[in-house]
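K.L.:
Here is what each chain is made of, one letter per residue.
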Amino acid sequence: MNDGAELRIHPTGKAILKISVQTQGQGHETTFAQIVAEEIGIQPEHIKVMHGDTDNTPYGLGTYASRSTPVSGAATAMVTRRVREKATKIAAHLLEVSEEDIEFHAGTFSVRGAPDRTKTIQDVALAAYTNFPDGMESGLEAVYYYDPPNLTFPFGTYAVAVEVDEETGEWRVRRMVAVDDCGVRINPMVIEGQIHGGLTEGYGIAAMQLITFDENGNCIGSTFTDYLLPTSMETPRFELGETVTPSPHHPIGAKGVGESATVGSPAAYVNAVIDALRPLGVTNIDMPLTSAKVWEAIQAAKANA
Amino acid sequence: MATETEPIRGIGHSVRRVEDDRFIRGAGNYVDDIKLPGMLHMAILRSPYAHAKINGIDASRAQALPGVVAVVTGELMAQHNLAWMPTMSYDTQAVLATDKVRFQGQEVAAVVAESAYVAKDALELIDVDYEALEPIVTPQRALESDAPVIRTDKEDKTDNHIYDWESGDKEATERAFAEADKVVSLDTFYPRCHPSPLETCGCVADVNPATGQATIYMTSQAPHAIRTVFALVAGLPEEKIRIVSPDIGGGFGNKVPVYPGYVVATAASLLLGRPVKWIEDRTENLISTGFARDFHMHGELALKADGTMTGLRVSLLADEGAFHADAQPSKFKVGLFGIVSGSYDLPAAHVTATGAYTNKAPGGVAYRCSFRVTEASYLIERLVQNAAYELGVDPADLRKKNFIPKTGSRTSRPPASCTTRATTRPRWTWRSRRSATPSSGASRRRHARRASCTGSGSRRSPRSSAPARTTSTTSSGWR
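Chain order of the listed sequences is A and B.
Residues in the first sequence are numbered consecutively from 1, following my numbering.
Residues in the second sequence are numbered consecutively from 306, following my numbering.
To be clear, the hints were calculated from the coordinates, so they are not data collected in a lab.
The beta-carbon is built from N, C-alpha and C at its ideal position, and this holds for glycine as well.
One or more hints might be untrue.
What the hints assert, rightly or not - Think about it this way: if two alpha-carbon atoms lie no more than 30 Å apart in a straight line, the pair counts; the simulated DSS-like pairs of lysine-lysine are:
| hint | chain 1 | residue 1 | chain 2 | residue 2 |
| --- | --- | --- | --- | --- |
| 1 | A | Lys48 | B | Lys487 |
| 2 | B | Lys459 | B | Lys609 |
| 3 | B | Lys459 | B | Lys358 |
| 4 | A | Lys89 | A | Lys48 |
| 5 | B | Lys545 | A | Lys18 |
| 6 | B | Lys487 | B | Lys706 |
| 7 | A | Lys14 | A | Lys86 |
| 8 | B | Lys475 | B | Lys609 |
| 9 | A | Lys302 | B | Lys487 |
| 10 | A | Lys48 | B | Lys545 |
| 11 | B | Lys340 | B | Lys425 |
| 12 | B | Lys487 | A | Lys18 |
| 13 | B | Lys487 | B | Lys711 |
| 14 | A | Lys48 | A | Lys86 |
| 15 | B | Lys487 | B | Lys705 |
Claimed, not checked - Far from chain B, by Cβ distances over 12 Å, these chain A residues were calculated:
| hint | residue |
| --- | --- |
| 16 | Leu61 |
| 17 | Ala114 |
| 18 | Ser138 |
| 19 | Ile191 |
| 20 | Asp214 |
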């Protein structure tokens, strides 16, 4: 289940990263540049992220199953570290010290014990093409294929408070609190977007989305008239929180977050509605919890009482 | 060059998305934005029937429509050995129907024309002689002995059964239930839904007759894997295939599979020597591409009188549609089983799943879900909630009591190896649903506040010392 990453630092110290996974709105061009930025100290806006072209990117299995950050993100961190190893050798050459005496922090290579003697990653990048040590191959680039030793395991808790109109079966979310743990957070804003999207889809599944069929096999749900998507009018307001438990095996401790909210939230909505109706004897309603189904369940429970 | 004092905006920074500039300006480059010189347009004729025999297809009227360049049928595809293609679960799926249609919306023929409008208009001029067959719309019906066989294309297939799968420790679980003070059960149905990404699926296939180079612009979440599949299926050398996935307007798993439209458009471009664009409309996306869920679930929880969970038993019936295009069931071990047994300190768990063909669209991988973790999370959290009510305790307290303790936790659990073998038929229990007539009642609002937890596989594994066993089979010995 491996994915590759290729990183090349240009002579002026700007970079291009080629990845095997495919963004569909997740923001890879932003977040993967941040991983490189963290590891080698080039600002993310100077790192171009390329993807989605099999002629020009390394092999990999693509984006699904919340795997981009767990696998390709790891490959990106590892390829950057591989480039940094060579950069450290070049910095040692420029500073005329041994490689062991070089310290690296945020894009600056300095001499241990002599912190005023420094070279930036930009200095090193230029030297990689113009002034590299004897016997070293020129250039500053690498490729890395990462095969994850395990899955990453994001987790979280979703709490929902609803009110149900006993007469009409309508229900409304009063509060929705989601606390997710996706390990080290690369870009909190992008994560928030992922969680919001997932919670919205989770609400859609719990409340209204249904592809069903009549007895002749005709699909009911073939247009947006029948297959409902929650708009901003229906979607509840979400309150987010987080805990950070780094993945023990991922190079930067990150875990996948793409699926968390869609996976976990539908049960919370249904549990809340059932909790409200439990005094009437309702123990289960299958999704989607349309007003009609909730109303029917209420009526059935009352008839049984 | 960045100043030395400026902090590096690496991990932990809410850097603005560089993608948004072009998206907000309407300057994205999606597959439907791609226009190539000489490009033709393709539209697909789909079956109005869920299950019908095809006695014949007459495309002569469509062929005669000015602007129509070609009509592609299953017969033509079969001449190039492309009428069927493999799925991710080692099944086959019809590219264009030759013998029967097996779900409403199935691809029957395609028109390639000078404009998208002509292509669509020509679909109405294709005459298909259908002979309606009994449709099967539930997996329960599909597995009845007198149900018509959907996959008559498969040699020796005499039923609609796809697989039996099981994982966990059956004996230990049975023991736990025999010794339980309380058993709580739940029958529930996680219905079929669809991620419906904003951008529907489509492609522009450009096979250059001069160079033999095939460039396919495609709404794909996995372009590299697609290239390899195309090389293997079409027999094209891999270096001659280039898959380009430009800006993609949402996927959610819906854009993982290879769809018949991609294959037909590529074949048409190969045959005609011109680029061919195919973009499905919203209805086509909803009725024919990767759906999600459609799982009938039965769960049982064994508990001590004090609320300690001692065992979990789950049986599942999956409606896979007409072609098994879901993730391969052996992967349920890392998804479904890991999550349903993964949040609570369960000494024993056993899960069985059966898959059945029905006259519905294939799929199952979609909607932000890996290997059926969503169904698993839903079932266990609904079950625990109901268990709390039956025990008369607060659901949050019951959860807290049964979470895996921090001490002694394992942080990783490698997937167990899988074996393939036939298994015995699981027992199903179905709850009939009844509706009631309206009656008046005082309006009252009820308030609820309840929590649900997603799986947290980082914290536990079943305590049983025996390695979990996974079996799966594409059974032929069902009956």
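K.L.:
Indicate, hint by hint, whether the structure satisfies it.
P.N.:
For each hint, the structure was consulted:
1. Proposed proximity of Lys48/A and Lys487/B is contradicted: the alpha carbons are some 59 Å apart, above 30 Å.
2. Annotation: proposed proximity of Lys459/B to Lys609/B is violated, straight-line Cα distance about 48 Å (limit 30 Å).
3. For the hint pairing Lys459/B with Lys358/B, the CA-to-CA distance comes to about 15 Å; that is within 30 Å, so the pair holds.
4. Only pairs whose Cα atoms come within 30 Å are accepted, and Lys89/A paired with Lys48/A is accepted, the gap being roughly 25 Å.
5. This hinted pair checks out: Lys545/B and Lys18/A have alpha carbons roughly 21 Å apart, not beyond 30 Å.
6. This hinted pair checks out: Lys487/B and Lys706/B have alpha carbons roughly 16 Å apart, not beyond 30 Å.
7. Annotation: proposed proximity of Lys14/A to Lys86/A holds, straight-line Cα distance about 16 Å (limit 30 Å).
8. Using a Cα cut-off of 30 Å, the hinted pair Lys475/B and Lys609/B holds, with the two alpha carbons roughly 19 Å apart.
9. Distance hint between Lys302/A and Lys487/B is fulfilled; the C-alpha atoms sit about 26 Å from each other, no more than 30 Å.
10. Taken as a hint, the Lys48/A and Lys545/B pair is honoured in the structure, with Cα atoms around 27 Å apart against an allowance of 30 Å.
11. At most 30 Å may separate the alpha-carbon atoms for a hinted pair to count; Lys340/B and Lys425/B meet this at roughly 18 Å.
12. The straight-line distance between the Cα atoms of Lys487/B and Lys18/A is roughly 56 Å, outside the 30 Å bound, and the hint therefore fails.
13. For the given pair, Lys487/B sits about 26 Å from Lys711/B by alpha-carbon distance, which is consistent with the 30 Å threshold.
14. At roughly 21 Å between alpha-carbon atoms, Lys48/A and Lys86/A fall within 30 Å of each other, so this suggested pair holds.
15. For the proposed pair Lys487/B and Lys705/B, the alpha carbon gap of about 18 Å is at most 30 Å, so the pair holds.
16. Look at Leu61/A: its CB is around 5 Å from the nearest CB on chain B, not clear of 12 Å, so calling it non-interface is violated.
17. Even its closest Cβ contact with chain B, about 16 Å, leaves Ala114/A beyond 12 Å, as expected for a residue assigned away from the interface.
18. With a closest Cβ-Cβ approach of about 21 Å to chain B, Ser138/A is found to remain outside the 12 Å limit, as its non-interface label requires.
19. Taking the minimum C-beta to C-beta distance to chain B, about 9 Å, the non-interface status of Ile191/A is violated against the 12 Å cut.
20. Residue-level check failed: Asp214/A sits 8 Å from the nearest beta carbon of chain B, not beyond 12 Å.
When the structure is compared with the earlier hints, violations turn up for hints 1, 2, 12, 16, 19, 20 and for no others.
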